[in-house]
Amino acid sequence: MATPEAPAIRTTGLTKTFGGRRVVDGIDLDVPTGSVYGFLGPNGSGKTTTIRMLLGLARPTAGEITMLGSAVPAQVTRVLPRVGALVEGPAFHPQLSGRANLARLDAADATSDPRTAPERIATALERVGLQHARDKRFRVYSLGMKQRLGIAAGLLVPRDLLVLDEPTNGLDPQGTREVRHLIDSLAADGITVLVSSHLLSEIEQVCTHLGVMREGRLVAQGPIDQLRSQGRTLLRLRTGEPAEAITVLRRMGADETSHQGDTVLAGGMDQAPEAVVAALVAAGVGVREFTVRAPSLEDVFIGLTGEGFDVSG
Amino acid sequence: MSVASGVSGWFRFLGSELRLVFGRRRNQIGLLVLAGIPVMLAVTLRLSGHQGEHGPDFFSSITSNGIFVALAALSVELTLFLPLAIAILAGDAIASEANLGTLRYLLTVPVPRSRLLAVKYVALVIGGLAGVAVVAVAGVVAGGVAFGLGPVTTLSGIQIGMGVASVRLLLAMLYVTAGLAALAAIGLFISTLTEQPIVAMVATTAVSTLMWILDAVPQLAFLHPWLLVHHWPAFGDLFRQPVFTDGIVAGLWLALGYAVVFYVAAWATFIRRDITS
Chain A
1 MATPEAPAIR TTGLTKTFGG RRVVDGIDLD VPTGSVYGFL GPNGSGKTTT
51 IRMLLGLARP TAGEITMLGS AVPAQVTRVL PRVGALVEGP AFHPQLSGRA
101 NLARLDAADA TSDPRTAPER IATALERVGL QHARDKRFRV YSLGMKQRLG
151 IAAGLLVPRD LLVLDEPTNG LDPQGTREVR HLIDSLAADG ITVLVSSHLL
201 SEIEQVCTHL GVMREGRLVA QGPIDQLRSQ GRTLLRLRTG EPAEAITVLR
251 RMGADETSHQ GDTVLAGGMD QAPEAVVAAL VAAGVGVREF TVRAPSLEDV
301 FIGLTGEGFD VSG
Chain B
1 MSVASGVSGW FRFLGSELRL VFGRRRNQIG LLVLAGIPVM LAVTLRLSGH
51 QGEHGPDFFS SITSNGIFVA LAALSVELTL FLPLAIAILA GDAIASEANL
101 GTLRYLLTVP VPRSRLLAVK YVALVIGGLA GVAVVAVAGV VAGGVAFGLG
151 PVTTLSGIQI GMGVASVRLL LAMLYVTAGL AALAAIGLFI STLTEQPIVA
201 MVATTAVSTL MWILDAVPQL AFLHPWLLVH HWPAFGDLFR QPVFTDGIVA
251 GLWLALGYAV VFYVAAWATF IRRDITS
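Top line first, the protein sequences correspond to chains A and B.
Residues in the first sequence are numbered from 1 upward in steps of one, following full-length UniProt numbering.
Residues in the second sequence are numbered from 1 upward in steps of one, following full-length UniProt numbering.
Keep in mind that the hints are not guaranteed to be accurate.
Derived CB-CB ranges, DEER-like [unchecked claim]:
#1 B:166 <-> A:158: 31 to 39 Å
#2 A:131 <-> B:214: 55 to 63 Å
#3 B:166 <-> A:71: 50 to 58 Å
#4 B:166 <-> A:115: 51 to 59 Å
#5 B:40 <-> A:115: 40 to 48 Å
#6 B:29 <-> A:137: 12 to 20 Å
#7 B:6 <-> A:34: 41 to 49 Å
#8 B:33 <-> A:71: 45 to 53 Å
#9 B:194 <-> A:270: 55 to 63 Å
#10 A:59 <-> B:40: 45 to 53 Å
Per the computed footprint, the stretches of chain B lying under chain A, defined by three or more beta-carbons under 8 Å from a beta-carbon of chain A, are [claimed, not checked]:
#11 180-187
#12 217-227
#13 265-277
Partner residues are not named here, just some residues of chain B that face chain A (Cβ under 8 Å, in silico) [what the hints assert, rightly or not]:
#14 6
#15 46
#16 100
#17 233
Treat the hints as calculated values from the structure; they're not laboratory data.
Even glycine gets a Cβ: it sits at the ideal position worked out from N, Cα and C.
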């Protein structure tokens with residue numbers, strides 16, 4: 001690994017246009033070494049195109065990429081041996097077994113040692129829990145097994161960086177959990193992981209950092225706690241005088257209020273809860289119940305991507 | 001990476017590619033089909049009991065010596081079956097890998113694009129050689145059983161020994177393979193342009209068929225020397241005594257020209273292409 005301060009991936013002004021449309025629009029990715037970077041965004045927001053450019057599969061229209069200290073795409077064949085990748089779903093020869101497919105990829109790798117290949121292939125299959133299905137044709141694998149074989153392909157040789165594009169796509173909750181465990185254990189080995197998803201909930205638990213894409217732009221990026229704190233605190237109180245309560249809350253900076261029966265909701269306030277309650281009581285509003293809901297990452301994500309308005313709770 | 005490990009890595013990938021090509025059931029059946037033509041020729045002519053008076057040069061000599069079954073089969077299969085085999089393998093080479101998505105995984109291994117293309121091309125040529133060899137060997141075996149083998153009366157009427165004839169058959173196989181290698185370069189180029197293997201297969205077959213059609217139109221005689229397939233039947237000149245080399249030399253130069261032009265075209269397309277599949 002290079003100096004710990006150097007980011008595993010850094011892009012500046014990375015742009016890709018297809019037929020005049022800016023699919024990726026000037027993004028500045030910063031993936032710290034050792035992080036698990038969740039690359040989030042709705043389908044079609046430019047995540048996969050970005051990943052294709054990182055791996056040298058597509059050429060940037062503009063901008064620069066530095067990955068593990070090397071310029072991409074200029075030096076991509078020098079840096080890729082240190083990078084394992086799962087891009088836009090697993091793809092293998094259907095008529096070959098899982099093991100034969102991995103053997104083919106390993107044979108294509110000029111830097112890998114053919115003498116240790118059987119052992120390394122067995123280890124990679126074991127790590128993703130596919131050793132029992134190693135001799136079955138890829139054709140008959142379930143979607144979850146296909147995804148896991150894709151990850152195993154990235155683990156044939158020791159890596160410094162793993163790029164996993166939607167590794168949980170199409171998996172059931174159990175399969176998703178297994179992939180999360182795998183990412184956890186890889187990160188524990190010191191591998192930097194870039195994992196993309198359109199569902200925050202599937203990867204939130206394993207990520208240390210997040211980047212959020214929307215319509216080709218990177219709308220937020222940073223350590224997960226920092227992003228979480230950008231969320232809005234929501235106040236909820238029950239009172240016999242809702243109209244008066246709203247007046248007080250509005251005066252104190254609430255920019256979003258609503259009430260139903262004796263329940264009042266307010267958002268956009270940054271005062272301490274104690275101060276709010278004191279002000280309400282001072283104004284003669286009787287408070288029966290008062291709760292503060294901490295900002296949730298889901299709210300931040302939804303706010304940033306404009307996705308999923310119909311969130312209950 | 002040292003030069004030695006680079007070279008051994010190259011051969012390791014080629015070995016994997018050849019296992020993929022020859023391990024495919026469809027390709028194995030294809031080889032059987034190629035072998036079936038000379039067997040069918042030998043059986044038919046043996047059963048009918050008389051010489052074919054029409055048809056290509058070798059047909060009239062078939063019943064005199066089994067080796068001519070191999071030559072007749074080669075000249076028959078050059079019009080469609082062998083080009084079709086090259087077209088199918090060419091479609092597999094790049095277009096099918098792009099279609100499956102395996103191309104993006106090979107490239108992120110990483111396999112440098114120029115190496116990937118070179119290995120694919122060498123495997124195509126070896127595939128072509130295997131097809132030609134299967135036709136020739138099946139022809140000699142079937143012909144030998146049906147009509148016997150022995151000193152060969154050349155098309156010029158002079159006899160040559162079986163040993164000399166075998167060497168000439170080998171040279172004929174290599175010459176035919178050279179022609180197919182040029183077609184393989186065209187197929188490889190087409191294969192880099194599409195993600196649909198069937199499109200590459202049809203287009204490559206269409207190219208060779210179109211050349212055969214143009215070659216059959218006398219009014220286009222000025223064009224004939226520039227048609228790749230025009231020179232393919234010249235392998236028969238190896239069975240003249242003395243060997244007539246003009247046609248073969250012209251054929252080899254033209255094949256080389258086609259191969260270089262289309263390989264470079266394939267490289268130029270592939271090296272910069274965005275892999276979007």
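For each hint, the structure was consulted:
A hinted range of 31 to 39 Å is violated for the C-beta pair residue 166 (chain B) and residue 158 (chain A), which are about 53 Å apart. With their beta carbons about 57 Å apart, residue 131 (chain A) and residue 214 (chain B) fall inside the hinted range of 55 to 63 Å. Checking the proposed 50 to 58 Å range against residue 166 (chain B) and residue 71 (chain A) shows it holds: the Cβ atoms sit about 57 Å from each other. Checked against the hint of 51 to 59 Å, the pair residue 166 (chain B) and residue 115 (chain A) fails, with Cβ atoms roughly 40 Å apart.
At about 47 Å, the CB distance of residue 40 (chain B) to residue 115 (chain A) agrees with the hint of 40 to 48 Å. As the Cβ distance of residue 29 (chain B) to residue 137 (chain A) is approximately 18 Å, the hint placing it in 12 to 20 Å holds. The hint said 41 to 49 Å for the Cβ distance between residue 6 (chain B) and residue 34 (chain A), and at roughly 32 Å that hint is violated. Evaluation of the 45 to 53 Å hint for residue 33 (chain B) and residue 71 (chain A) yields a pass: the beta carbon distance comes to about 50 Å.
A C-beta distance of roughly 58 Å is found between residue 194 (chain B) and residue 270 (chain A), which places it inside the suggested range of 55 to 63 Å. For residue 59 (chain A) paired with residue 40 (chain B), a C-beta distance near 51 Å keeps the hint of 45 to 53 Å intact. Look at the stretch 180-187 of chain B against chain A: 0 of its residues bring a Cβ nearer than 8 Å to a Cβ of that chain, fewer than three, so the hint is violated. A stretch counts as covered by a chain when three or more of its residues have a beta carbon under 8 Å from one of that chain; for the stretch 217-227 of chain B and chain A the count is 0, and the coverage is violated.
With 4 residues bearing a CB less than 8 Å from a CB of chain A, the stretch 265-277 of chain B meets the requirement of three and the coverage assertion stands. About 6 Å separates the beta-carbon of residue 6 (chain B) from the nearest beta-carbon of chain A, less than 8 Å, and the hint is met. Given hint, residue 46 (chain B) at the interface with chain A, is violated; its Cβ is 38 Å from that chain's nearest Cβ, farther than 8 Å. Interface hint at residue 100 (chain B): satisfied, since its Cβ lies 5 Å from the closest Cβ of chain A, which is below the 8 Å cut-off.
Checking residue 233 (chain B) against chain A: minimum C-beta separation of about 37 Å lies over 8 Å; hint violated.
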